[in-house]
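*Asks:* For reference, the chains in residue letters:
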Amino acid sequence: MSNTILSVEGLRVQFSLRGKVLNAIRDVSLTLEKGESLAIVGESGSGKSVLCKTFMGLLDANGSITAGHIWFGGEDLTQYTTEKQWLGIRGKKIAMVMQDPMTSLNPLKTVGAQITEAVVLHQGLSGEAARAETVRILGDVGITDPERRYKQYPHEFSGGMRQRVVIAIAVACRPEILICDEPTTALDVTIQAQILHLIRQLKEKYQLTTIYITHDLGVVASVADRIAVMYAGDIVEIGRCEEVFCDPRHPYTWALLSSLPQLAERGDELYSIQGTPPNLFTEIQGDAFAPRNPHALKIDFVKRPPYFEVSPTHRARTWLLDPRAPKVEPPESIRKLREGGLWK
Amino acid sequence: MSNSNTPLVQVKDLTVTFGSGRQKFTAVQNVSFDIRRGETFGLVGESGSGKTTIGRAIIRVNPVAGGEILYNGQRISGRIPRALDREVTRKLQMIFQDPMSSLNERAKVDYIVSEGLYGRGLSEAQRREKVEQALREVGLLPEFASRFPHEFSGGQRQRIGIARALIMEPEFIVADEPISALDVSIRAQVLNLLSQLQKQRGLTYLFISHDLSVMRFICDRIAVIHLGRLVELADTETLFRHPLHPYTRALLSAVPIPDPRAEREKKLVVYDPSCHEYDADPPAWCEAEPGHFVRANRRELDAYQTILQQNGDNDHD
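Protein sequences, first through last, are from chains U and W.
Just so you know, we're using numbering that gives the first Met the number 0 here: the first sequence kicks off at 0 and counts up by one.
Just so you know, we're using numbering that gives the first Met the number 0 here: the second sequence kicks off at 0 and counts up by one.
Think of the hints as simulated: they come from the structure by calculation, not from any bench.
Using N, Cα and C, we set each Cβ at its ideal position, and we do this for glycine too.
Hints may be right or wrong, so weigh each one.
Unchecked claim - Pairs of lysine-lysine, DSS-like flavour, derived with a Cα cap of 25 Å:
id, chain 1, residue 1, chain 2, residue 2
1, U, Lys335, W, Lys265
2, U, Lys204, W, Lys265
3, U, Lys52, U, Lys202
4, U, Lys202, W, Lys266
5, U, Lys204, W, Lys107
To be verified - Pair by pair, the computed Cβ-Cβ distance ranges are:
id, chain 1, residue 1, chain 2, residue 2, range
6, W, Arg263, U, Ala324, 29 to 35 Å
7, U, His154, W, Leu226, 16 to 22 Å
8, U, Ser157, W, Ala279, 28 to 34 Å
9, W, Arg35, U, Thr143, 39 to 45 Å
10, U, Cys245, W, Lys11, 48 to 54 Å
Using the sequences and the hints, build the whole thing.
*Replies:* Below, the structure written as structure tokens:
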């Protein structure tokens, strides 16, 4: 496909920790289409942030890519070794918005100076032109009275406003891909809705391709074209937004959706996933989710399932989709979601 | 004095201020509500709206500048006898938002959980037994008592925070955003634990959050607070079905729905405080229908009641 902007093939990432090897990403393949927005959903420790950090060469020093390729703009990013090579990508082509706006800004510099820095570096403007561009971007991200706000320091901004500034810095680099790592987790629900709306607007205006990283499936319904569900360093299900929400196939996706309080009735027990995520220090046998999966088959503990195609855009890694597998009905709340009788 | 009809907690015309003189800041202004025995009462609002301040005022952490707080019909705000103070600090407990920062990193779980028991005339053996029991009750192993907080995951730490509240055998717990800092899957476990404890022990909760989707699941009644004033109070279902105040409607529209079709049709309502005309006709805290309170002036109240009338007719159809 000519429309692919980034493609990941068989990626494996390992970290060495106290003499032991941790398998953070286990054989992930993924393609990102130009102009789409992809959401990567998973629990903490599932590898969703690590995966996106590999796109920008931001892995910690003890981490390394042991197999696979990341193709971006005709080059293989896994072959990059020097900081100089990465500077051509990081910020310039792929930018990132971090989770906590309270810690991602420099408290000693004015907001304007921090955005101007990116404008000067990446757009090659200087002096008055750079300043004018910064003020324009500040207005773009919905900050009122940008001329005055330009001179203020981060502590004079509220959480939501700071996140807008962080987004302004990312957009000032004119990237092709914008990665938002839990952009709203630290924010209020009302502010969250505004920030998500803002990112959507900017995506249209600057023709960005966006990746959202989140643990909350409830948040992504409004923003994602496609959803990838990650578990234990692997993408277990990927499909278009409607497909994953209305016709989920992997038991882990069922479990994630069922544990949303939006889907439960008051007074009922809320579904919670039993057990703990697997130990990534050991090589995982079979399906990583099998020990916590009430629908697990015998083969799940022995052999890792391949991807089964549900539709051309929807695939899931579970033996339940094998034609020989017994038929398992998704839980009650998933059926309710499919019929759309929700929140009424 | 305390029969089952008196609400467990009564907040009357509560005002809380910080600082004095020109620095004076009013965080909570003329707030009144009752919390019934055995219910889960929700307090929802954005950050800075004063919801935590109210919770802290009830457990006597923040001093009250005006109004009073009654517990079991007895005043517990302001100056109270020492014996009552000791009783209140035992019966009213709090669970904090961030399990990463609310536990003493240098103390063992054993001490963290049982700190409140010291000076209450228990022998060492009794204390140990209580710690063991409290840990079991929140689904942790008694062996964990000798460990430090950094050895636990976020969900486990929140359980330690809950055990710390439970060990005092409280009647009333202020849960201040107990699940906001947790992963979705862990959230479910903590919510289930809270409601299970409520059933077993007949606890009453004040549940503070900014997330209405969680509130709908756990709360019996919800009060909406905006900039230190209550704007609406109703049964959970009533509030979700017939929200009156524009701020409540804005909050409801911001709740993410896990359904792409519904999300696409949804319209985000943004609350604009200047939509009220309060200069000529000041607002008051009125009862629009039985049990459903809203902050409105006379004109707004008339409009709200018309809406309720129409909704009521539609519901019967």
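*Asks:* Look at each hint and say if it fits the structure.
*Replies:* Hint by hint, here is what the structure shows:
no. : hint                              : verdict
1   : U/Lys335 <-> W/Lys265             : holds (19 Å)
2   : U/Lys204 <-> W/Lys265             : holds (22 Å)
3   : U/Lys52 <-> U/Lys202              : holds (21 Å)
4   : U/Lys202 <-> W/Lys266             : holds (19 Å)
5   : U/Lys204 <-> W/Lys107             : violated (53 Å)
6   : W/Arg263 <-> U/Ala324: 29 to 35 Å : holds (34 Å)
7   : U/His154 <-> W/Leu226: 16 to 22 Å : holds (21 Å)
8   : U/Ser157 <-> W/Ala279: 28 to 34 Å : holds (32 Å)
9   : W/Arg35 <-> U/Thr143: 39 to 45 Å  : holds (43 Å)
10  : U/Cys245 <-> W/Lys11: 48 to 54 Å  : holds (49 Å)
Of the numbered hints listed earlier, the single one contradicted by the structure is hint 5.
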